[in-house]
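Residue numbers (our numbering), protein chains in the order written: chain A, 1 to 332; chain B, 333 to 650.
Hints listed in this document are in silico derivations from the structure and should not be mistaken for laboratory results.
Ideal Cβ positions, reconstructed from N, Cα and C, are used throughout, including at glycine.
Treat the hints with caution; some may be incorrect.
Stated by the list, open to error - Below, a sample of chain A positions facing chain B; criterion: calculated Cβ distance under 10 Å:
{"id": "1", "residue": "Phe112"}
{"id": "2", "residue": "Asp292"}
{"id": "3", "residue": "His328"}
Stated by the list, open to error - Derived lysine to aspartate or glutamate pairs resembling EDC-like cross-links, with alpha carbons at most 20 Å apart:
{"id": "4", "chain 1": "B", "residue 1": "Lys596", "chain 2": "B", "residue 2": "Glu575"}
{"id": "5", "chain 1": "A", "residue 1": "Lys13", "chain 2": "B", "residue 2": "Asp619"}
{"id": "6", "chain 1": "A", "residue 1": "Lys294", "chain 2": "B", "residue 2": "Glu589"}
{"id": "7", "chain 1": "A", "residue 1": "Lys247", "chain 2": "B", "residue 2": "Glu584"}
{"id": "8", "chain 1": "A", "residue 1": "Lys294", "chain 2": "B", "residue 2": "Asp593"}
{"id": "9", "chain 1": "A", "residue 1": "Lys294", "chain 2": "B", "residue 2": "Glu584"}
{"id": "10", "chain 1": "B", "residue 1": "Lys478", "chain 2": "B", "residue 2": "Glu445"}
{"id": "11", "chain 1": "B", "residue 1": "Lys596", "chain 2": "A", "residue 2": "Glu291"}
{"id": "12", "chain 1": "A", "residue 1": "Lys294", "chain 2": "B", "residue 2": "Glu591"}
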Amino acid sequence: MQHAAELEELGVKIREASRFIEKSQEQLSRKIIGQREVIQRIFIALLVNGHILLEGVPGLAKTLIIRTFATAMNLKFQRIQFTPDMLPADLIGTMIYNPKDMEFYPRKGPVFANIILADEINRSPAKVQSALLEAMQEHQVTIGSQTFVLQEPFLVLATQNPIEHEGTYILPEAQVDRFMMKVLVDYPSYEEELEIMLQSATTAVDKPVTPVVQPDDIFRARALIDRIYVDQRVQRYIVDLVFASRKPAQYGIAALESMIEFGASPRASIFMLLASKAHAFLQERAYITPEDVKAVAYDTLRHRIRPGYEAEADNVQSEDIIRQILQHVPVP
Amino acid sequence: MNARSDKGPARAGRPVLFLLFILAVLLSAGAARGGSLPKVTVALAPDTVLVGDRITCSIRVDHREGETPSIEGIDSLSLKPTVLLVRRQASTAAGAGNRRVSFEFDLAVFSRERQSLPPFTVVFRNSAGTVVKRIPMRASNTVFVKALTDSSMRELRPIKPPLRPELPLSVLLPFFLTIFGITIAVLLLLFFLKRSVRRSAEKIDPGQVALRKLRKLSSRLSGGMPPRDCHEELSNILRSFLENRYRIRALEAVTQEIELDLEKNAVPGIDNIMNLLRQADLVKFADSRPELEESRQSLQKAEELVRAARTEKTEPDK
Chain A
1 MQHAAELEEL GVKIREASRF IEKSQEQLSR KIIGQREVIQ RIFIALLVNG
51 HILLEGVPGL AKTLIIRTFA TAMNLKFQRI QFTPDMLPAD LIGTMIYNPK
101 DMEFYPRKGP VFANIILADE INRSPAKVQS ALLEAMQEHQ VTIGSQTFVL
151 QEPFLVLATQ NPIEHEGTYI LPEAQVDRFM MKVLVDYPSY EEELEIMLQS
201 ATTAVDKPVT PVVQPDDIFR ARALIDRIYV DQRVQRYIVD LVFASRKPAQ
251 YGIAALESMI EFGASPRASI FMLLASKAHA FLQERAYITP EDVKAVAYDT
301 LRHRIRPGYE AEADNVQSED IIRQILQHVP VP
Chain B
333 MNARSDKGPA RAGRPVLFLL FILAVLLSAG AARGGSLPKV TVALAPDTVL
383 VGDRITCSIR VDHREGETPS IEGIDSLSLK PTVLLVRRQA STAAGAGNRR
433 VSFEFDLAVF SRERQSLPPF TVVFRNSAGT VVKRIPMRAS NTVFVKALTD
483 SSMRELRPIK PPLRPELPLS VLLPFFLTIF GITIAVLLLL FFLKRSVRRS
533 AEKIDPGQVA LRKLRKLSSR LSGGMPPRDC HEELSNILRS FLENRYRIRA
583 LEAVTQEIEL DLEKNAVPGI DNIMNLLRQA DLVKFADSRP ELEESRQSLQ
633 KAEELVRAAR TEKTEPDK
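Isolated chain A, as found in the complex (with noise of 0.2 Å):
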């Protein structure tokens, strides 16, 4: 009885610290029809210190998202255009001479910001996306001898074209890997694109995103997101799903077995159940139910699953495994 009563007061305690969601989603939208699952990933990141590479055709309103969501979160917020020349000094910063007292500066980079969109982050070489993913993986960057630590939250949102693969550094899977989800931005539906085209369609000025959050509440949030209870059966359902992607026989898919070239690595667990926690938050529960675990998990699992040649041959996804296993792996 004891443990549901903490949890009881957790679950007060969250509803109180989760408004700030409601508020920015106030405000998001203002600017932003429909769109709403990539929203909510972005919450997600937020919350578990994250971050999400998205994929989707230009003209998706992925970087008006981003902007509009910083501005709300009241965050600071930097857009970094990836081209082939780009050097890792542009991205972390350099040392800058100064003549006046003969002393090297650092002149920190674009990468010192909350939210960072990385825009096209293929079109770089590989020199470049490393610069940026250790900063994403150590929350710091190396100028010169100096060592900066980022600024919290830092979330990197970076996009990807699935069209135009010419001329592009195609991420390698150790790097995918580095990202908690990869979230698919899809074109709005009839009704949305109606209300986005009369709301763009005009010359008047747009409506202002007001800043309705505090660095502060994201943190509290976080500590919150830290003690939501997980029980074994939950734990043991996140572990049974990554598991089906390396040994699908052993979960009674066996047809899977030649459809994937390499399952999901144990960040796939981590960030599953990370994910897990946030979305239980965003729904307002001091608890994990195996609702939260399915919910996340396409974009978990996503990029951590391989489809091998057979998969290819017959035009199998990643998406329609990750649809064969959530069928066979038994709910607890």
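Assemble the complex: chain A is given as a structure, and chain B must be docked to it using the hints.
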């Protein structure tokens, strides 16, 4: 008598002389034929080819020593319908004071039907290179050239009549009929087997099974089973019942998905079912510890739900 006897031997010698005369004529003719040099022999091989194929023209010239034969007319063939491809020549001794020169020409023929060798001339030169003799030749040898397609053909040729099977129909028909009969029998057997299996499965009422399990669970709860475990078991029994009764995927689905499926199937009493499942979820995932009385009430509600579902008249959408 004597005179008659004198004439007798003379008359007997006349046939002998006649035979000798014939023999001498034949020999002289043979000698004249063999000895009248130069002699030219022409051969063509093969006698039938396809358009564009190669034929070999062999010209053998027997001549006296001191003369050098050559062929004119064939060497200059370079245009269709006959094209000279290869030319070979060999000279050998052919008896006392005679020689034999063999010319071989490989020709490609391009015209159709019967073709004769073009006219040619055998030219003899002395050691000084002066032409001493020219023998114009028109060989009677021919070659038949077949076209790959007949240009005169304007209609499709009739196809060949179908081959008759080696085995007569009277033998094959019973064989095929037997195979057909066996196939039909196997298919019928499978059909009846499947139907009987389905019927026997349908006979098992999921409601009855669920009620039996719920009663067993109730007695275990009375026997000291922790209420927490009871709720978990109750959730499994309900899910299994819903899956078999409404043909939905409930064992691999989360509560939210079950709710959607039940709504889709317009199942009556969804709220009560969902309350029970959510209560079980709280026990399973939120570490909720229900009282014994709560568990008993939940079991009772579950039994009522299953009974109500069994008495439903309308079949749910499948």
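Q | Holds or violated: Lys294 (chain A) to Glu584 (chain B), with C-alpha atoms at most 20 Å apart | A | Since the Cα atoms of Lys294 (chain A) and Glu584 (chain B) sit roughly 11 Å apart, the hinted pair holds (cutoff 20 Å).
Q: Would you check the hint for Lys294 (chain A) and Glu589 (chain B), treating anything up to 20 Å between C-alpha atoms as holding?
A: holds (10 Å)
Q.
Just to be careful: measuring from the Cβ of His328 (chain A) to every Cβ in chain B, is the smallest value less than 10 Å?
A. holds (7 Å)
Q) When you check the alpha-carbon spacing of Lys294 (chain A) and Glu591 (chain B), does it fall within 20 Å? A) holds (15 Å)
Q.
Tell me if the interface restraint on Phe112 (chain A) is satisfied: Cβ within less than 10 Å of some Cβ in chain B.
A. With a closest approach of 41 Å, the Phe112 (chain A) hint is violated.
Q) Do the alpha carbons of Lys13 (chain A) and Asp619 (chain B) lie within 20 Å of each other, as the hint requires? A) holds (18 Å)
Q | Hinted pair Lys596 (chain B) and Glu575 (chain B), Cα distance within 20 Å | A | holds (14 Å)
Q. Is Lys478 (chain B) within 20 Å of Glu445 (chain B), Cα to Cα?
A. holds (6 Å)
Q: Below or equal to 20 Å on CA atoms is what counts here, so check Lys294 (chain A) against Asp593 (chain B).
A: holds (16 Å)
(Q) So if I understand the rule, the pair passes when the alpha-carbon distance is 20 Å or less; does Lys596 (chain B) with Glu291 (chain A) pass? (A) holds (19 Å)
Q: Could you check if Asp292 (chain A) really has its C-beta closer than 10 Å to a C-beta on chain B?
A: This interface hint holds because 9 Å falls under the 10 Å limit.
Q.
What's the verdict on Lys247 (chain A) and Glu584 (chain B), does the C-alpha distance respect the 20 Å limit or exceed it?
A. holds (18 Å)
When the structure is compared with the earlier hints, a violation turns up for hint 1 alone.
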